[in-house]
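Each chain is listed here by its residues.
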Amino acid sequence: DAGVIQSPRHEVTEMGQEVTLRCKPISGHDYLFWYRQTMMRGLELLIYFNNNVPIDDSGMPEDRFSAKMPNASFSTLKIQPSEPRDSAVYFCASSFGRFHEQYFGPGTRLTVT
Amino acid sequence: DQQVKQNSPSLSVQEGRISILNCDYTNSMFDYFLWYKKYPAEGPTFLISISSIKDKNEDGRFTVFLNKSAKHLSLHIVPSQPGDSAVYFCAANGNNDMRFGAGTRLTVKP
Chain A
1 DAGVIQSPRH EVTEMGQEVT LRCKPISGHD YLFWYRQTMM RGLELLIYFN
51 NNVPIDDSGM PEDRFSAKMP NASFSTLKIQ PSEPRDSAVY FCASSFGRFH
101 EQYFGPGTRL TVT
Chain B
1001 DQQVKQNSPS LSVQEGRISI LNCDYTNSMF DYFLWYKKYP AEGPTFLISI
1051 SSIKDKNEDG RFTVFLNKSA KHLSLHIVPS QPGDSAVYFC AANGNNDMRF
1101 GAGTRLTVKP
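Residue numbers (the numbering used here), protein chains in the order written: chain A, 1 to 113; chain B, 1001 to 1110.
Hints may contain errors.
Per label pair, the in silico range of CB-to-CB distance [said to hold, decoys possible]: (1) A:SER73 to B:ALA1041: 20 to 26 Å; (2) B:TYR1039 to A:SER58: 26 to 32 Å; (3) A:SER7 to B:THR1026: 34 to 40 Å; (4) A:VAL53 to B:SER1010: 38 to 44 Å; (5) B:PRO1079 to A:ASP63: 47 to 53 Å; (6) A:GLY3 to B:GLY1083: 37 to 43 Å; (7) B:HIS1072 to A:LYS78: 38 to 44 Å; (8) B:ASN1095 to A:LYS68: 25 to 31 Å; (9) B:ASN1095 to A:ARG41: 18 to 24 Å.
Source of the hints: derived by calculation from the structure; they are not laboratory data.
Here a beta-carbon is modelled for each residue, glycine too, at the ideal position from N, C-alpha and C.
Sequences and hints are given; from them, build the entire structure.
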């Protein structure tokens, strides 16, 4: 397996624009997680899915953030409208089982100017 | 609300010596703990884990110790190598919750 795949690796956009981050989990994994990493707060869990169903989105900072998982092999994290404070590295991770070790993608570095 | 704390943002160690990374937690319901290592421009990778029924788990140069009464765990790397230079995150699971620490940047000097 190629591991967790994220795209794009880098995204630079202007404030107010819509941003969509994409993730392909490892085949067979039943959990998918979205994280945000910042210098101030470290790794924050935004939302996670089990078998494509959102389970806990309490970490999503605002209504501007939304996530979907239309099938077992694809998920998106959307920010609309984007703001400069959304600038961070966003990671997607997947696992087999809720509390087993997670496999992370390489991350998407988002810069909002 | 930081339920998992890594109080040392950075640590510098000489090659060949022991590296000790610390992690404290506040939620007594956490019962499974993991360490991840992260290199620049890459995602974190799983390193080692420990269940609350144990107080030690060893894998090669890496050993994790758990002190449940103190709500404290530590990762020991011995001997440290320059390739171990990375950011290390601890994570705690339990009671349908999972939290990561903010990370400690380890630098191993040749």
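Here is how each hint holds up against the structure:
1. Roughly 25 Å separates the CB atoms of A:SER73 and B:ALA1041, a value that falls within the hinted 20 to 26 Å.
2. A hinted range of 26 to 32 Å for the beta carbons of B:TYR1039 and A:SER58 is consistent with their spacing of about 30 Å.
3. Take A:SER7 and B:THR1026: their Cβ atoms lie about 37 Å apart, and the range 34 to 40 Å holds.
4. Evaluation of the 38 to 44 Å hint for A:VAL53 and B:SER1010 yields a pass: the beta carbon distance comes to about 39 Å.
5. Checking the proposed 47 to 53 Å range against B:PRO1079 and A:ASP63 shows it holds: the Cβ atoms sit about 50 Å from each other.
6. Checked against the given bound of 37 to 43 Å, the beta carbons of A:GLY3 and B:GLY1083, roughly 20 Å apart, lie outside it.
7. Look at B:HIS1072 against A:LYS78: about 39 Å separates their beta carbons, and that is inside 38 to 44 Å.
8. A beta carbon spacing of about 27 Å between B:ASN1095 and A:LYS68 agrees with the range 25 to 31 Å that was offered as a hint.
9. A C-beta distance of roughly 22 Å is found between B:ASN1095 and A:ARG41, which places it inside the suggested range of 18 to 24 Å.
Hint compliance for this structure: hint 6 is the single one not met.
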